[in-house]
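Novice: Chain by chain, the residues:
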Amino acid sequence: MLNKLGFTLIIIITLSIASIANGVEVGKKAPGFKAVDTKGNIVSLSDFIGKPVVLEWTNHDCPYVRKHYTSGNMQRTQSTLTEEGVVWLSIISSAEEEQGYVSGMEADKLTASRGAYPSNVLLDPKGNVGRLYAARTTPHMFLIDEKGILQYQGAIDDKPSARPASLKGATNYVKAAWTSLKAGEKVSVTNTKPYGCSVKYGH
Amino acid sequence: MRNLLSSIGLICLLALAGTVQAQRSVVEETHTKATLASEMSIIGADEVVWLALSYEPIAGWHTYWQNPGDSGMQTNISWELPTGFNAGKALYPVPDTLPVGPLTNYGYNGTSTLLVPLYTPENITTKSIKIKASAEWLICEIECVPQFGEFELELPVGKSTPSSENASLFAEARQKMPEPAFWDAEIEIAPEASKLTVFMASEEIETVENAYYFPAYEGVLDYAEAQIVNISDDGLVLNLKRLKGSLAPESAAGILKLNLPNGKVTAVQIDPALKVVDAIRTPMPLPEAASAEEGLPVWQAALFALLGGIILNLMPCVFPVLSLKAFSFLAAGSMTKSERKREGWAYTFGILASFGVIVGILLALRAGGSVVGWGFQLQEPIFVAFMVLLMVLVSLSLAGMFDIQTGLEGAGQSLASQEGSKGAFFTGVLATLVATPCTAPFMAPAIGYALTQPIYVALLVFFMLGFGLALPFLVLSYSDRIAKAMPRPGAWMETFKQGLAFPMLATAAWLLFVFNNEAGSIAMLFLIFAIITVVFAIWLWQQGDGKILRTIAAAFGILAIASVFWNVEPQHETETGETASKINDSKFANAGTFSNAALTDLTNEGTPVFAYFTADWCITCKVNERVALHREETIKLFDDKGITVLKGDYTNRDAEIAGVLSKYQRAGVPLYLYFPKGQKEAIVLPEVLTPGLLKEMVETNRI
Chain H
1 MLNKLGFTLI
11 IIITLSIASI
21 ANGVEVGKKA
31 PGFKAVDTKG
41 NIVSLSDFIG
51 KPVVLEWTNH
61 DCPYVRKHYT
71 SGNMQRTQST
81 LTEEGVVWLS
91 IISSAEEEQG
101 YVSGMEADKL
111 TASRGAYPSN
121 VLLDPKGNVG
131 RLYAARTTPH
141 MFLIDEKGIL
151 QYQGAIDDKP
161 SARPASLKGA
171 TNYVKAAWTS
181 LKAGEKVSVT
191 NTKPYGCSVK
201 YGH
Chain P
1 MRNLLSSIGL
11 ICLLALAGTV
21 QAQRSVVEET
31 HTKATLASEM
41 SIIGADEVVW
51 LALSYEPIAG
61 WHTYWQNPGD
71 SGMQTNISWE
81 LPTGFNAGKA
91 LYPVPDTLPV
101 GPLTNYGYNG
111 TSTLLVPLYT
121 PENITTKSIK
131 IKASAEWLIC
141 EIECVPQFGE
151 FELELPVGKS
161 TPSSENASLF
171 AEARQKMPEP
181 AFWDAEIEIA
191 PEASKLTVFM
201 ASEEIETVEN
211 AYYFPAYEGV
221 LDYAEAQIVN
231 ISDDGLVLNL
241 KRLKGSLAPE
251 SAAGILKLNL
261 PNGKVTAVQI
271 DPALKVVDAI
281 RTPMPLPEAA
291 SAEEGLPVWQ
301 AALFALLGGI
311 ILNLMPCVFP
321 VLSLKAFSFL
331 AAGSMTKSER
341 KREGWAYTFG
351 ILASFGVIVG
361 ILLALRAGGS
371 VVGWGFQLQE
381 PIFVAFMVLL
391 MVLVSLSLAG
401 MFDIQTGLEG
411 AGQSLASQEG
421 SKGAFFTGVL
431 ATLVATPCTA
441 PFMAPAIGYA
451 LTQPIYVALL
461 VFFMLGFGLA
471 LPFLVLSYSD
481 RIAKAMPRPG
491 AWMETFKQGL
501 AFPMLATAAW
511 LLFVFNNEAG
521 SIAMLFLIFA
531 IITVVFAIWL
541 WQQGDGKILR
551 TIAAAFGILA
561 IASVFWNVEP
571 QHETETGETA
581 SKINDSKFAN
591 AGTFSNAALT
601 DLTNEGTPVF
611 AYFTADWCIT
621 CKVNERVALH
631 REETIKLFDD
641 KGITVLKGDY
651 TNRDAEIAGV
661 LSKYQRAGVP
671 LYLYFPKGQK
681 EAIVLPEVLT
691 PGLLKEMVET
701 NRI
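Protein chains in written order, with this note's numbering: chain H, 1 to 203; chain P, 1 to 703.
Since the hints were derived computationally from the structure, they do not count as laboratory data.
Please note: incorrect hints may appear among the correct ones.
What the hints assert, rightly or not - Sample of chain H residues facing chain P (criterion: CB under 8 Å; computed from the structure):
no.: 1; residue: Phe33
no.: 2; residue: Asp47
no.: 3; residue: Asp158
no.: 4; residue: Tyr201
The C-beta atom is built at its ideal place from N, Cα and C for all residues, glycine as well.
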């Protein structure tokens, strides 16, 4: 009888339970996640409690991402924010064999060759983090404050175009949100439609 | 040099082509042939001249609608026009859905043409005008390539004359444009759903086979979700999903595509009135043919409900309970026919009464304005917790751990095992109770539909559902022939019963998953322990009939059941369902990450610091956090004393934390350190915390 009982309980306990939230709300707690970085370390969002965090969905071959990197706009945004204490996580959710998929080594090479300043690059080839945040495009940006509350989600700026010239006079929503947050003010634009290539999730 | 010459030649040729091709300007991009064309070969003053921007993508590639959906981009055109001329907004043809993995885009496979109105001024002084356009459009297969084109048209001014060259291009483009609106519409937008109502007459709706809405603005609906078409008294209703945290739409305008008989498709522009609501009363998707009809005739709905009820008997959670009762019939050969009949009816009434209670609560909640659907019970973590317990107990009794006849300690079970009609009645109650988690996923649409109907229809549907659930047993109790045809009782029954434990366990597993999503993984862990304790208590109870033994067993059982209340209670008010919300805003959620540097900074400032080291896999840590740390009194205590909390998460390897642990001669977590104001030496707390201990620590600076 004890055997039966033990067996039954083992079945119950070993059930692995996954949470299935989808999409994130500005003003609410950003859902926690764990992902592997380019060196194979496990990085958890909760590692950064107490620090503001930017999530940047990226795919180096997407023309919209290229607009922001070849012009140096993304790197400038990264260096400004990280110097002010923001943790910048670039996340690659491209599935294997899809555009933008890279190994950890390739991702590090890209960071070096583009002179980028992410605090870390996370590899999410299964798209778990991407789906959790309902990341749709590259780039798709999220700003989480030091208490873990989502403060901004959407496009990097207000010029949905692949033309580098469109950067002139564009309002960088992420920078603007961070400037307000830093000053202790309310973020004025908190939610926009992201633009760019679709995130290349696996099928 | 030669190159230069040839390029000059090419430029001359192009310029020449430009004057010849004045009504058309063609750009050959890498993946698209794009054409800008004028409908007029000669333009007049003070009129609207339509321009067309037409894309011919290479095979397999697509361009986008004005709202490209989840990703993609609409066309950007910047115009360079003579003074007085103005270009209006581009009109897009009716789009298609373009799924890409889990995302959905709106756009065009193959050729598509945008139409742009050009408003000419009252006076045009020149003999001809030049129109320049610089366009950017995106073309994707899966990968995307932005395309750019510089277009130039030169049009003579005079008496306006249509271009014969471009006539067919415009005719085709207009055919693909949506019709202007002739229906009023309204859209209700709730946080995670929206509902579009198009006010159509019923004879208009009759011809509609399917419908799809393309919103022109962001935030109206989740592009990748199916759109569910229903019919209401007001007209055509589309029930739509919205992504949590979506943008508030600036307008709900868009294109409604209707599928008509014989493969015909029509599309109209509509501009629904926008109404923001808290929740949407959604008639769930109608099963079977119901959607196309004006709603199910009542007798048909009742018939479906009866069938549904009968099918419920086969569900993994109900079948075992039912078979228990059937076995008791088989075994009790001594029962007379009339006794059997009485039990059959008692069972039926048990089911109908429980259904009545549930439906009563449901209708009362609805009348009170709450938006609830079937399965609302399962939104109560406490209900789910007890259902898990019930499922585990039933399955263990099936597996043979408890003797059914001598009584079980589970809630309805002891009653259900009573002899006679009272017992049969409670078996009916139990069957309904265990059926609820199964009805939720399988029957929700039909029941949801019933709830949108008038009360008598809803009651009838539920009555039939309950009756269907009771029917097989009722038939068994009535028919001698069936009773005789049943297999003879024997040892096989025991084996069969044991096998039935597994579907019950599977149901428990599913409920546990539901509970985890509602109350969080820590609460789930506590629930599992509570269940183990209840099972232990029952096992203990059976070890003898000594008073002391039984008192201890009962105490264990009661404590465990009480702990389920205690465990679930503080979580109930949370909205996120992650962990308790009280904790979310507390010092502990906002605790700084531990580092030696941070600690030194804080102690140098003279700030009192409480540093705790924990890990997800450390049960002692989690228990301490729940029992002593994440409690209101502790949070208040720490607030009052201005204590800063630092958290060291040792879930994953961490050299710095390992260093701290070895400094305090600990092999692992938990470790609790308190640095009183102005002190750099830590007070090391024991591994098991209580709120009282923490209070003492803060007040006396020692342990």
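Novice: Decide, hint by hint, whether the structure agrees.
Specialist: Hint check results:
{"no.": "1", "hint": "Phe33", "in the structure": "12 Å, violated"}
{"no.": "2", "hint": "Asp47", "in the structure": "7 Å, holds"}
{"no.": "3", "hint": "Asp158", "in the structure": "13 Å, violated"}
{"no.": "4", "hint": "Tyr201", "in the structure": "4 Å, holds"}
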